[in-house]
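Number of protein chains: 2
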Amino acid sequence: MTPPSDPGSLPPLRVAVLGCGTVGGEVVRLLLAQADDFTARIGRPLELVGIAVRRAGKERPGIDPALFTTDAQTLVSRTDIDLVIEVIGGIEPARTLILTALASGASVVTANKALLAEDGATLYDAAERAGADLYYEAAVAGAIPIVRPLRESLVGDEVTAVIGILNGTTNFILDKMDTEGAGFAEALADAQELGYAEADPTADVEGFDAAAKAAILSSLAFHSRVGIGDVHREGITEVTAADIASAREMGCVVKLLAICQLSDGGRPDGTGPGRTVSVRVHPAMIPRSHPLAGVGGAYNAVFVESRFAGRLMFYGPGAGGSPTASAVLGDLVTVARNRVRGASGPGESSYAQRVVTGIGDVVTRYHLSLAVADVAGVLATIAHCFAEHGVSIQTVRQQGREGDAQLVIVTHRATDAALSATVDALRRLDVVSEVTSVMRVEGE
Amino acid sequence: MTPPSDPGSLPPLRVAVLGCGTVGGEVVRLLLAQADDFTARIGRPLELVGIAVRRAGKERPGIDPALFTTDAQTLVSRTDIDLVIEVIGGIEPARTLILTALASGASVVTANKALLAEDGATLYDAAERAGADLYYEAAVAGAIPIVRPLRESLVGDEVTAVIGILNGTTNFILDKMDTEGAGFAEALADAQELGYAEADPTADVEGFDAAAKAAILSSLAFHSRVGIGDVHREGITEVTAADIASAREMGCVVKLLAICQLSDGGRPDGTGPGRTVSVRVHPAMIPRSHPLAGVGGAYNAVFVESRFAGRLMFYGPGAGGSPTASAVLGDLVTVARNRVRGASGPGESSYAQRVVTGIGDVVTRYHLSLAVADVAGVLATIAHCFAEHGVSIQTVRQQGREGDAQLVIVTHRATDAALSATVDALRRLDVVSEVTSVMRVEGE
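Those protein sequences? They're chains A and B, same order as listed. The UniProt record's numbering puts the first residue of the first sequence at 1, with every later residue one more than the last. The UniProt record's numbering puts the first residue of the second sequence at 1, with every later residue one more than the last.
These are calculated hints, taken from the structure and not from any lab test. Please read these numbers as outputs of a predicted model, since none were measured by experiment. Every residue, glycine too, gets a C-beta built ideally from N, C-alpha and C. Check before you lean on any hint, since a few could be wrong.
[Said to hold, decoys possible] Facing chain B, according to a computed beta carbon distance under 7 Å, are these residues of chain A, among others:
| # | residue |
| --- | --- |
| 1 | V155 |
| 2 | G297 |
| 3 | Y351 |
| 4 | S433 |
Taking the hints into account, I'd like the entire structure generated from these sequences.
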């Protein structure tokens, strides 16, 4: 082995950071605190040359004030910068800044799930053209390594499904509803008070955040371009305490799941032509014995099924300043190492170009609650309605009330289209006063 | 974006496979079955040019017989080979073959934990000198991506502990003892019958396999060289049905754990100079609520604690032909991509050169069973013995028998040295007829 020269004496790689909020502030702090370790790990020192912020003048202890600028565009246009970290979030100006950074010769590390899910293709193409790296481990599931395992570890395998709890806020809320019997509004208020949910919780509770992450994971898993527009999305705002109680009676728990699946190709081993992809985010009941059922609080977990590796699970904190910064800095060191070696990591892999199908074709099981008239023959009428639409009933449980009854039905596997048609028909029946809830049952 | 040329028409990368047993056979089969996908993912086709086997002439359906050779040394000496997969296992001839392959210009993918733990430094240095890649995801925890997450995803963080169930055979045996109340010999016989344990189970049940994996993970996690000789190792052959029952009474389960820890550096945040590493493999009791407690059968799991990412867990099949082949092929595609780009991945990172301390300094809790005389004052005598050695007792449970009694003691945290001295002193006490068992309690 050649005797190692002191890497600290070599010319530094120059780093710019865009954004200095919760994540950005932590990235800068850890970058400075671990400078010597990073130098040893990369083989050259890193030099922080600028931090773009929206408002100058805010006190940021331990950071040289001269590093701050409100002119992000000029910062990323500098051609002497090797590495740009984007932790602003949102579509613009993040997109323009990343494209400028790549065009100026820098490699980019980003945590921006919304942008990657909205317009990843533009960014991947720009990185490819520039021969630069675009890394984004922090965009999905916080500190949990999932982008790299899908992009590299499983690249010799065929991933058939990725099922994740990808949003800590909704998991916290559903967990609270399950353990404390709270309603959605009450659990949301608690989450907001504890800082787990934003004042405007829409992106989390309506599933937009999880849908963006699902689009990114599907693209990686299936070597195809999947955007947020391809993801069927339902939030958790309509999940009731009654749904949670009903799930409990079935030995299930309700989770907001992101489900990315590769369809069967028709051959006995599952391969074959015409395999398609479906991607959806919605609340679902899963058995308490399922590995994802035990993921509590604001944790995230990703369950991966592949043809040869089998079933893998990845678990950890899905958000927060330090965990997200850890993921960003792991990418930063990797990208810096690539730069020292004059190389770049794997780019986008979308050669398979799988068609993304709509929710109608998705096959799963369903849990329905119906308020029905408590008269003879009701069950026969309802069973006939299911049968007419090709949906087979697995179990029926009837709970009598004064005047009417509550019917809880769990179906066998059926397409979403068949189930939707069944629900429409049920609503038109005289004996059905209300379809109280419909929820998918997964993980069996 | 430049229009992609057809990668299948480009000159192939040449691949040689050393070994065609369970894993090697599966590697070859999947390599051939997924040839088109691999070409698209790598950007150039792979061409299998030779398979080294011990005995020629064995029927291997679907593989061109002309590919087989019994002369591995000549195969790896060819300078036209880009990628060598080593799945022979063991120290020699694997080491010589890998060194020859690297010297001849090939990158190497290996699943050889024993060799890496015994003499990894020689291999890493040879790869560094040759500017070639040496990848080994399959060497630890089968298909679970853990080498890459430690080497890349967490490289911007500081890993403080890695705790793993790294051996499927022993986990299967302990699981069977727990769920069926079986003794060790009976559970081992079952495991052998089902193919989970070898005819000579020494490497598994004595902890050598897990110790090799622990050495590899420690080296990666702590940026230091840790060899199998640095690992304190105890197997599971002395775990009794009584230990398992006693664990159950405490709400615990017994697992063979590999525990790799970075010591505290003395500063309030845990950093500071003189931080050392300890690495040990032994059976331990862990609470049933711990994420590792639920890892059943032949599965593996790795729990990682880091300063910024927090607690992560990785879970999946730890062995078997297909899962191991998946990990090998993930590395193969990654290494092939590096080669197409004229680059190499991260090499060994051992700059931290942390000192590995012996088991005596390790601090944990202990569960002891003692057979004692059932006479007045026994407990006082025994408690005095613990106190003399600075070991604090947390709980004592006494079960009377005819003539003598069984005492179950759980201690507070103490060093292994203090506990060992206590046990020696207990054995010398007249009132102690036997120290029936001593087991560490972890994960609290």
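Hints versus structure:
With 7 Å as the threshold, the beta carbon of V155 (chain A) comes within range of chain B, its nearest partner Cβ sitting at about 4 Å, so the hint holds. Of the supplied interface hints, the one on G297 (chain A) is violated, with its beta-carbon coming no nearer than about 12 Å to a beta-carbon of chain B, more than 7 Å. The criterion of a C-beta within 7 Å of any C-beta in chain B is met by Y351 (chain A), whose closest approach is roughly 4 Å, and the hint holds. Nearest Cβ of chain B to the Cβ of S433 (chain A): about 43 Å, over the 7 Å cut. The hint is violated.
When the structure is compared with the earlier hints, violations turn up for hints 2 and 4 and for no others.
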